[in-house]
Amino acid sequence: MRKKELYRILVHRYVSRTASPEELQVFFHLLEKGKLQRQLLEATQDTPAEATGRVRLMVRRYGVAAAVIIALAGTAIILLWRGGLHKDATPAFVSVLHNDIDPGGDRATLTLGDGSLVQLGSEADYNRLQNGRGGERADGASGRGGATNHGRSLYRVLATPAGGQYRLTLADGTKVWLNSQSSIRFPVAFAGNTRLVEVTGEAYFDVAHDARRPFVVKAGKMIVQALGTEFNVHAYGDESTTKTTLIQGSVRVIEGADSLLLTPGQEGLTDVLAGNGVGMSSGGGGGGAITNSERITLNSSADTAQAAAWKDGYFDFDNLDIQAIMRQFARWYDIRIVFAGKPGAALFAGRLQRSLKLSQVMIGLGRMGVHSRLEGRVLTILP
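Residue 230 in this note's numbering sits at position 241 of the sequence shown; the count goes up by one each step and never skips.
Please keep in mind that the hints were generated in silico from the structure rather than gathered at the bench. Treat each hint with caution, since some may be false.
Straight-line distance between alpha carbons at most 27 Å, and here's what the computed DSS-like set of lysine-lysine pairs gives [said to hold, decoys possible]: (1) K207 <-> K331; (2) K331 <-> K346; (3) K300 <-> K346; (4) K300 <-> K24; (5) K300 <-> K331; (6) K331 <-> K210; (7) K(-7) <-> K24; (8) K164 <-> K300; (9) K207 <-> K164.
Label pairs and their in silico Cβ distance ranges [said to hold, decoys possible]: (10) A246 <-> K(-7): 24 to 30 Å; (11) Q108 <-> S348: 24 to 30 Å; (12) K(-7) <-> R316: 23 to 29 Å; (13) R202 <-> R6: 56 to 62 Å.
Every residue, glycine too, gets a C-beta built ideally from N, C-alpha and C.
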């Protein structure tokens, strides 16, 4: 069933007052993201007066609104919705939890220019190091060798483990957020005509403006050039694509001799394995127009809220299947995922807080028919 048809059915059930509590949660979540406006307006053409009034009220009230949130185990959680609407909207929940696992948190390992390692917790740990309390200083005045070594910039590597995340501010004032199982290689002080960093995994950048020195991010085969902007780079090795999603400003995405200039709301994608443009249906990655160059795919209507959700403390599962969701869980909770049967192809919608324990997350998914068993650090998804 196509996504537009699912939206139409969901609106019909809302208008006719037959939607389940779970479907109502999804209704308001999609309404907040502006994905049901057309279906709501169409529903006013051939519906009773009372229902028409409800629809018009929803269009006015929820053009921009907060998603409806329910409480689960004392923590706010937005319910998920599987891509198929079922007669039984609340299937039996089966979850066997022999233990529980805490969510990830702020932790990383910093490799200094001399090769020594520093374990970091909060952002304050890095700030103290940057200010010369126990390590190199950006001005090279003291510490472990300063900003340069015989005229060459000293580089650091900050890496987050599974279950880790970190935020730091670079020497030029650029703010960087690292997701779990990610890394950034950067100089103690930027020198020359460009500000170059290298990343793996996922990183969100709020780039300090400097018209004379472009900020350059290298992520695998993809290169991103910016002056002052906000964007997210998603470059995990176990994903099929590397993508850059632009939130504000403008960036140029480069791979080989090919390049694309992005404007806010767009993203550029490259194939991790082949390095060629990625073919996508019109409904993928936010539902916008998809155009291909030789190596880079341009999605002109990216889901920027989803791209930045992890930085803001959420999982966002819109248009993701169960395998994509579980890859995120594996990184954040530092667990291994096993599918006891063939993974389903249904798509999900909704958000979950990253601060939830794994048991709470699986309760949310369990209400949508995802059954699981946790033993040690192995989460098995049951048929």
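Problem - Hints not upheld, ascending by number - result: 1, 5, 6 and 10
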